[in-house]
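Participant: Chains as they are written, first to last, in our numbering: chain A, 1 to 276; chain B, 1001 to 1289.
Just to be clear, a hint being listed does not mean it is correct.
[Stated by the list, open to error] Within a straight-line C-alpha distance of at most 30 Å, the following computed BS3-like cross-link-like pairs (lysine-lysine) qualify: (1) A:Lys95 with B:Lys1202; (2) A:Lys269 with B:Lys1277; (3) B:Lys1202 with B:Lys1271; (4) B:Lys1101 with A:Lys269.
FYI, nobody ran anything at the bench for these hints, they're computed from the structure.
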Amino acid sequence: MGSFGRKNRVLPGFGPTLGYTVCYLSLIVLIPLSALFFKTVTLTWDQFLVAVTAPRVLASYRVTFGAALLAAGVNGVLGGLVAWVLVRYRFPGRKLVDALVDLPFALPTAVAGITLASIYSPNGWLGRYLEPCGIRVAFTPLGIMVAMIFIGLPFVVRTVQPVLEELDPEIEEAASCLGANRWQTFCRVIFPTLLPAMLTGFALAFARAVGEYGSVIFIAGNMPMVSEITPLLIITKLEQYDYAGATAIATVMLIASFTLLLSINLLQKWSRRSAE
Amino acid sequence: MVTGKNGDGGAPGVSEPAWVRYLLIAVALGFLALFLLLPLAAVFVQALEKGWAAYLGALREPDTLSAVRLTLLTAVCCVPANLFFGVVAAWALAKFSFPGKSLLITLIDLPFSVSPVVSGLVYVLVFGLQGWFGPFLQVHDIKIIFAVPGIVLATAFVTFPFVARELIPLMESQGRDEEEAALTLGAGGLQTFFRVTFPNVKWGILYGVILCNARAMGEFGAVSVVSGHVRGSTNTVPLQVEILYNEYSYAAAFAVASLLALLALVTLALKTVVEWKIRQGFSVGSGEN
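Please model the entire structure based on the sequences and the hints provided.
Facilitator: Encoded structure:
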């Protein structure tokens, strides 16, 4: 393996551009992230465990990860359906709907937060019909789940759409020739091809929902032990100047994020391989 | 009106019966209407609840105007910086191969997988009072956390990868042939970049800038952690929305929120146009724009 200097590079500018890239990356991303690590190791192992397994913290994990899992599940199923409808069928307004699917990506989280909170609050547009039926959405974990569904909506749609578009109709026709009815063709031919993409989208939606703050904070009740999400707990600890506690919990979230990132990369590799 | 992809009414073997199709479309559109259209409509309806005069009055409030100024300032600082980085990084990573390249690409993507609150927290750990530079900054009376520079830095972190991750695959797929040809014809490095590379990637750059800007102007979690929430000086537009909502000024909160919603709609429209242009570029062949 030759050194950087010895390799004969035709195009100019490798040195300066790589140098600038690494410098800027370190200054803005790597060094600040390392501050988290360095602060965490000032705690003893026992202090760290106490900080991240306190009852209130554990409750926040349950709320955050639980709601994110359910929301990503809903998005997985309905997002896949939306992708199917957008790719396979033609109807008036299809292109407009396709563009609108990206709204949760583009809409600032605070706007989504206050809007969802006001719609589902007891006298809101939907809340006023749901409350009498006994379905309390605002200020409960159910509201957190609703906000997370909004946030994760585009992920599954956008990962499944390209796979559906590449799907060869000949395979379905062959299955039909061999005697499969439409449902069988879907279950045994189409769905297995879509599964890696759906799981990737699910994981992306889950990862986004777990870290989400702005969209969730207004509709959640923010009551400790009941409807408090982990990011809020971090901010609360910061406001109480408990930097060590905040850092410990943030480290747990970071580890969860990286694990999810790794899973997503593996899923994407699987998805690419099965598409060939 | 509702047909299958190939325009057929539905050959029995390769498409669903019509009633299934209608049902699926109804469920899908119902889901989207509930989760997308309803909130979007709610923003504008609630913003105008008290009429146009109140709406415009809310937007002309001094605190709101200073929030708009701060948001614009943040975008003006972060977007060009991350744009420059994105172009430089894409050149280094797409046009050359070297050990550690995929690690570097993964590291560039890191801010995407970090929760916004954690993004803000790490800057507090570096520049806050108890942080690495805390004592130094206090002695020299430089304010970063709970002041504008902190907001700009946290926003730069969160919007860091947008341009780079658009350009790197784009430039990789375009290869090095045209640049190498330009060099053999005597062009210098910068000449090659501006006259050969740039026209090929300009739509990708625009796409990345649009997304970067939308996120920079709308960021809430990270900015919430590093801002002092002081009205009129360290509040961005999203933070101002939060303040107004928390003090029950709902019409005003939604009025300010409607600005961000309009920004989102413009972003979506521009994004769709640029995507179409990029697709066009691929079908016509690169370099023929």
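Participant: Under the constraints set out in the numbered hints, which ones does this structure not fulfil?
Facilitator: none
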